[in-house]
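> Protein chains in written order, with this note's numbering: chain A, 29 to 292; chain B, 29 to 292; chain C, 29 to 292; chain D, 29 to 292; chain E, 29 to 292; chain F, 29 to 292.
Warning: the hint list may mix true and false statements.
Any copy will do: because identical chains look the same in the list, a pair fits if it lies in one copy or spans two.
Here are the simulated SDA-like cross-link-like pairs (lysine to any residue), alpha carbons at most 25 Å apart as the crow flies [claimed, not checked]:
{"id": "1", "residue 1": "Lys282", "residue 2": "Ser131"}
{"id": "2", "residue 1": "Lys291", "residue 2": "Arg92"}
{"id": "3", "residue 1": "Lys167", "residue 2": "Asp119"}
{"id": "4", "residue 1": "Lys83", "residue 2": "Gly220"}
{"id": "5", "residue 1": "Lys84", "residue 2": "Ala259"}
{"id": "6", "residue 1": "Lys242", "residue 2": "Val269"}
{"id": "7", "residue 1": "Lys290", "residue 2": "Trp260"}
{"id": "8", "residue 1": "Lys83", "residue 2": "Thr122"}
{"id": "9", "residue 1": "Lys84", "residue 2": "Gly220"}
{"id": "10", "residue 1": "Lys83", "residue 2": "Ala184"}
{"id": "11", "residue 1": "Lys242", "residue 2": "Arg64"}
{"id": "12", "residue 1": "Lys167", "residue 2": "Gly100"}
{"id": "13", "residue 1": "Lys83", "residue 2": "Lys242"}
{"id": "14", "residue 1": "Lys290", "residue 2": "Glu258"}
{"id": "15", "residue 1": "Lys83", "residue 2": "Ser127"}
{"id": "16", "residue 1": "Lys84", "residue 2": "Glu246"}
{"id": "17", "residue 1": "Lys242", "residue 2": "Asp253"}
{"id": "18", "residue 1": "Lys267", "residue 2": "Gln254"}
{"id": "19", "residue 1": "Lys267", "residue 2": "Ala283"}
{"id": "20", "residue 1": "Lys83", "residue 2": "Glu246"}
{"id": "21", "residue 1": "Lys83", "residue 2": "Asn278"}
Derived from the structure by calculation, the hints contain no laboratory data.
Values in this document were obtained by computation on a predicted structure and should not be read as measured data.
Protein chains: 6
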Amino acid sequence: MARIARQDDGENEEGNFSGTLPARNSMGALMDPERRIVETLSSVATATVTTILLKKGLRNVWMRGTRPLRTGQQRRVGRAFTLRFVPAREDLATPESWSSPRSTRAAIESMPEGCIAVVDAMGVADAGIFGDILCARMKQRGAAVLVTDGLLRDVAGVLGTDLPVWCSGVAAPPSVAGLTFVGWQEPIGCGGVAVFPDDIVVADDDGAVVIPAKLVEEVVATAPDQERMEAWIMEEVDKGVPLPGLYPMNAETKARYEAARKKG
Amino acid sequence: MARIARQDDGENEEGNFSGTLPARNSMGALMDPERRIVETLSSVATATVTTILLKKGLRNVWMRGTRPLRTGQQRRVGRAFTLRFVPAREDLATPESWSSPRSTRAAIESMPEGCIAVVDAMGVADAGIFGDILCARMKQRGAAVLVTDGLLRDVAGVLGTDLPVWCSGVAAPPSVAGLTFVGWQEPIGCGGVAVFPDDIVVADDDGAVVIPAKLVEEVVATAPDQERMEAWIMEEVDKGVPLPGLYPMNAETKARYEAARKKG
Amino acid sequence: MARIARQDDGENEEGNFSGTLPARNSMGALMDPERRIVETLSSVATATVTTILLKKGLRNVWMRGTRPLRTGQQRRVGRAFTLRFVPAREDLATPESWSSPRSTRAAIESMPEGCIAVVDAMGVADAGIFGDILCARMKQRGAAVLVTDGLLRDVAGVLGTDLPVWCSGVAAPPSVAGLTFVGWQEPIGCGGVAVFPDDIVVADDDGAVVIPAKLVEEVVATAPDQERMEAWIMEEVDKGVPLPGLYPMNAETKARYEAARKKG
Amino acid sequence: MARIARQDDGENEEGNFSGTLPARNSMGALMDPERRIVETLSSVATATVTTILLKKGLRNVWMRGTRPLRTGQQRRVGRAFTLRFVPAREDLATPESWSSPRSTRAAIESMPEGCIAVVDAMGVADAGIFGDILCARMKQRGAAVLVTDGLLRDVAGVLGTDLPVWCSGVAAPPSVAGLTFVGWQEPIGCGGVAVFPDDIVVADDDGAVVIPAKLVEEVVATAPDQERMEAWIMEEVDKGVPLPGLYPMNAETKARYEAARKKG
Amino acid sequence: MARIARQDDGENEEGNFSGTLPARNSMGALMDPERRIVETLSSVATATVTTILLKKGLRNVWMRGTRPLRTGQQRRVGRAFTLRFVPAREDLATPESWSSPRSTRAAIESMPEGCIAVVDAMGVADAGIFGDILCARMKQRGAAVLVTDGLLRDVAGVLGTDLPVWCSGVAAPPSVAGLTFVGWQEPIGCGGVAVFPDDIVVADDDGAVVIPAKLVEEVVATAPDQERMEAWIMEEVDKGVPLPGLYPMNAETKARYEAARKKG
Amino acid sequence: MARIARQDDGENEEGNFSGTLPARNSMGALMDPERRIVETLSSVATATVTTILLKKGLRNVWMRGTRPLRTGQQRRVGRAFTLRFVPAREDLATPESWSSPRSTRAAIESMPEGCIAVVDAMGVADAGIFGDILCARMKQRGAAVLVTDGLLRDVAGVLGTDLPVWCSGVAAPPSVAGLTFVGWQEPIGCGGVAVFPDDIVVADDDGAVVIPAKLVEEVVATAPDQERMEAWIMEEVDKGVPLPGLYPMNAETKARYEAARKKG
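Just chain A, with the same shape it has in the complex:
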């Protein structure tokens, strides 16, 4: 079972960053709320998520440059675990820095099971943030996914680890050729989108989107209906029904849909 951990560290307490989530772990007859979120959203396309969020006024939730590394990766859902880089400075961005207590290595060791690591590489396009060894360790610790607006390196090795990755390409140079790592579980920008620890990330063929923690319940409540409705519209298109009045539905079409839905 995929478990999605929640970050409760100090950073979330002192600001307005962290969402309030319904109680969890009520394991018994009821389903764990986290599990319900993950299971429900696993059948909702990122395209549908963005339409729902746009109706709530959020137009900027899709992380530019987050493409599946391997074609046909299945949809993934999880809580964001954020990592942050700043540009490289030659005295700091060195192979030696990899041993620092504030290194990418330490960040990986802090990742909870089931999380989606979201890495702010500032879109730097000439250094790979992680290679095969770091991805292998993430996989072993149970991190669900790696999402970044940057690049991976040693791509053959990374593919070998079976960690699902969404990124904007590959490059041979190590991260320190272009980036200095500065910390984790802070607010970040990734692909032009603000991401906070505990936000929900959904990633599929269309890329990765963020659902702000506070809005997750609403999206979970709305999304399956939306998917069902679009499936019905698709059937109508297949029957040759023209688009105006069908998509979006006018009153008459809505009535037809409701009738069809009741019939089942």
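Place chains B, C, D, E and F on chain A using the hints.
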């Protein structure tokens, strides 16, 4: 049989946009001229088309960012049916706007069979212009192809419709997250190239190119010879003939080629 | 056997461009030094090469925009044979220029067996530098690989020649639509990296990197150890060892590694 | 007196583009509503306009790349008269095209007094859209201002005409080197912003912003209060009052402000 | 007297960010070391600083896009006080957020006298980070300078405050149109350069550069000599001495310079 | 008197680069042809030059990013003396390289009086190609102008040398932070334009343009008439004549212009 409709609306009459084409529909013993254009150009590479147009002084006919969505899509030819977006403004670019009489839906219902829809998305890289439902309807109406300098969304669904698409990538957000639709069958820019209604579009592995309506006959007359000649040159290269004098041909090579051509 | 030729033309003599290399062609009981370079580096990832060069202070050796044209191309190693374009000027960049003595055709006829042609296309993104005919001739002359920060054209034909290509995409227009060819075996920039004739190029799934001629011996001496060490670290990760102290290794891990290496 | 004409051509009737405006020309004891709009907004900074529109949900109204050509140009207000270019195609974008009935010349002769010409140059950065002769004619016809995301040419001459210009720079080449003119009074994109005929444009040191026609009255009603309030806050800052609680105002500060306003 | 405060908050303690500086405040016969740093570097061009740092291996210390807002601003030196934005999310980046305890307002109230505020706006080019009111307050609190890779708004008002600003331009929209403020005195990227709290910033006509805290003493020790030497070289050029051997100096020129320096 | 030297080195002989120019130095009763070129073109705007060249099929002659460093610099004309950089490689791009025989210093010592140095900096935007010392030496050697698509450094000092400069901005870091110098008097790209030694460069408020050496005579023969005609059109505009039929001229206007010209 693929039929290519011609646009005769008012916009083409009042300006200098529309090309003059030889009479059509002379169905009988003779082949339909439109059909001849499509059939002839279907065996001409876009690379060859651009070389022929460059010799006539046209260097800028390849639409940047138009890549086949699916690898191995076969070459397609058709008349351009243009659609135009401007940037999103939050009061106009809304899900409600999808019901407007000037919507993408209405444009699709106006597409003639066999046309190539060319969509000016101003290269906007963070919203998908169309998803699976719109592509399914285009396919059903007989539109041959979708070409855009923008992105598609709901890519898994789009691939399922079997509509051939040339675009610059995929994104989850709906068009209204970044774009406002304003009309169809107007002159547009697509991938840095001017496209007018009635221009011929050819799309293959190298992307999509425009042949101005006025120049179509000339290209159709020249292209097959060019293809034949390049095939012969390739054979010579395979025999080990060096490039200087062979490609481009000097007088002696030309003579050899003519002789070979006569032989058959 | 792949032979890597060395450029000894005048351009390298009059400046500080050319590296000094150990004697070659000592064919006998000993292995040819060029052959040893190629064979050794053929089993070293470009990611590893960049890490080794970064430790020597070189952060900028990976050519941006050099992606394998065909997925799964095996790693290639060779000496750089450089070609240089400047922007197109309509009076010079014409199909007629292809017959000039300073043409791409003449450059190809000068390529030594086993070389890697590195083409400075200034990242121009709307013209293909070479098509199928030129690639076929390169293949026949024994050029090992084509690397460019530009685009190829006639991609179906190019794939048919089996010449391995690293480039940043494809476009239909001929080179003269955007570029003027000016010469070969000069220092160039390719993907933001300085490349000099005689530098060693390594290309794999992560793109293409340059090893300055003067540093080749050092890299060849260091790289296999680095690869071996990383393979051992990967095994440790698979056993569940956490990253801090393992990668990079602290003193204790180093001792363990040395012990393991001695055992075998 | 600056008169602002309203466009009532067919394009505005057949879609949802045109705003509805209160009756005009009630010349008598009352002030002309158009004149009131222009006079009121002439004392409102574009920065203030964008804040007011953002509170109504419009984040994207500032045209990127619209900088005053001459430092210290005073603020200007007027109705948008739009012009549209697409990319250059060598057979259309010629000096001969300047005589076409669909030329920039014809567009200029259609400009009403007091309008602000807003030109969509698609941000093309290597051709000047207008030179001194066209600007001189615009000035003579009473056009108030020229705004574009493109460049001007013959900048010394343009400065000599005294037409106020907001643009993104200067270039020597004529428009046809990079652009094909296609029409006027259509919806356009300018600097990444949708602009429709009849929208109000305000331009000052911070660049040019669009107020959608439908929202003009609301902005006119709100803006002077906002300016007054910010002036009072500035006075408070000058007295040494810290920002929290002052800007934005908390309840106590609001009371102080209301008291001051009544007094004074 | 300009005093440069040092940040001693928790963030600097727990990582490797903070430089170690010589004891300060030894007010008496001796000059305050901070004051010495500021006074010495105030006569050293940023061009000279970058040359000195490059000799120590640091090539990336100049913040791209940091141009003086007013021509002729004199050189400024101070300790960096960092602010950080991430991209706008519509639910967070609102005018209401300006009252949050984690707002730009709170950051300004924490700025020590003499500091240089360095703002990471991720190069966002369509929103102004600060307007006249915030700049006025900074000026009053004694902040020396504002440096950002972003834009200012309300530029006429900002110029009126006399706060020296280095930025990449101006825009009308408020920060919340494109940015979400997340904190201060963290490591940031500004114009592609890593900046840490306590680093020294020098800004002049060529833009703003960072001197890592740990290297300040070395730069202060070296820079005046470098400036003196370059002034002497300039005198030699004025006398007509050719560059080779003069700049950089060969042994003979060095001897001449030493002789001149002793005399002079 | 400004003398414009011609480059007769080997590079021009072996290819198709060099233009053929009429005999020069016929000092006596006749005016030196070079002097006539410079004097004639000194009164022709770059905007006019680009229009004339476009009529000959050359659309791409304006060097992007070449802006006057000082406002109000007068127009300059001269033969191109080219310099070429490739990207920086840390082992080559060092302060030590400044002493190499293939350094920028040596290039400057080769510059003929009256030339226009055109520097290909590949548009690199984070290093200044030259500072005050190099500009001072160029000035002293009689170089007329410096044109580059890159940046200058030490801008206060450069302005002090009075060397007229066209560039795309300023930066503090030295050239070696981003660039490796490789040679002079080779074909180059500058601002997206091909420039060959011996081409004529004209620079004014609109930037710098290249006239290919072979076309200089034609431009010199045509340009003054074009300027005269445009001046007459401007007078007509000032009289209130509408643009259609005036600019470009129709037959009637041409007759009026001819009559006016004869009158004088």
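> 25 Å Cα cut-off: does Lys84 pair with Ala259 within a copy, between copies, both or neither?
within (22 Å within a copy, 34 Å between copies)
> Please sort Lys83 with Lys242 into within, between, both or neither, judging by C-alpha distance up to 25 Å.
Both, since 15 Å and 22 Å are each at most 25 Å.
> Evaluate Lys167 and Asp119 at a C-alpha cut-off of 25 Å and name the case that applies: within, between, both or neither.
Close neither inside one copy (31 Å) nor across copies (33 Å); limit 25 Å.
> If the cutoff is 25 Å on CA atoms, where do Lys83 and Ala184 land: within, between, both or neither? Let me know, please.
For Lys83 and Ala184, the Cα distance is within 25 Å only across copies (23 Å; inside one copy 41 Å).
> Is it within, between, both, or neither for Lys83 and Gly220, if the alpha carbons may be no more than 25 Å apart?
Close inside one copy (20 Å) and across copies (22 Å); limit 25 Å.
> Taking 25 Å as the upper bound on the Cα-Cα distance, should Lys291 and Arg92 be classified as within, between, both, or neither?
Classified as neither: same-chain Cα gap 41 Å, cross-chain 49 Å, threshold 25 Å.
> When Cα atoms must be at most 25 Å apart, do Lys83 and Asn278 count as within-copy, between-copy, both, or neither?
within (17 Å within a copy, 31 Å between copies)
> At 25 Å max between alpha carbons, let me know whether Lys242 reaches Asp253 within a copy, between copies, both or neither.
within (20 Å within a copy, 34 Å between copies)
> Treating 25 Å as the Cα threshold, decide for Lys242 and Arg64: within, between, both or neither.
within (16 Å within a copy, 44 Å between copies)
> At most 25 Å between C-alpha atoms: does Lys83 with Thr122 qualify within a copy, between copies, both, or neither?
between (46 Å within a copy, 8 Å between copies)
> Classify it for me, Lys290 with Glu258: is the Cα-Cα distance of at most 25 Å met within a copy, between copies, both or neither?
within (16 Å within a copy, 57 Å between copies)
> I want to check one pair: Lys84 and Gly220. Are their C-alpha atoms no more than 25 Å apart within a copy, between two copies, both, or neither?
Answer is both; intra-copy 19 Å and inter-copy 23 Å each pass.
Against the hints set out earlier in the document, violations occur for numbers 2, 3 and 6.
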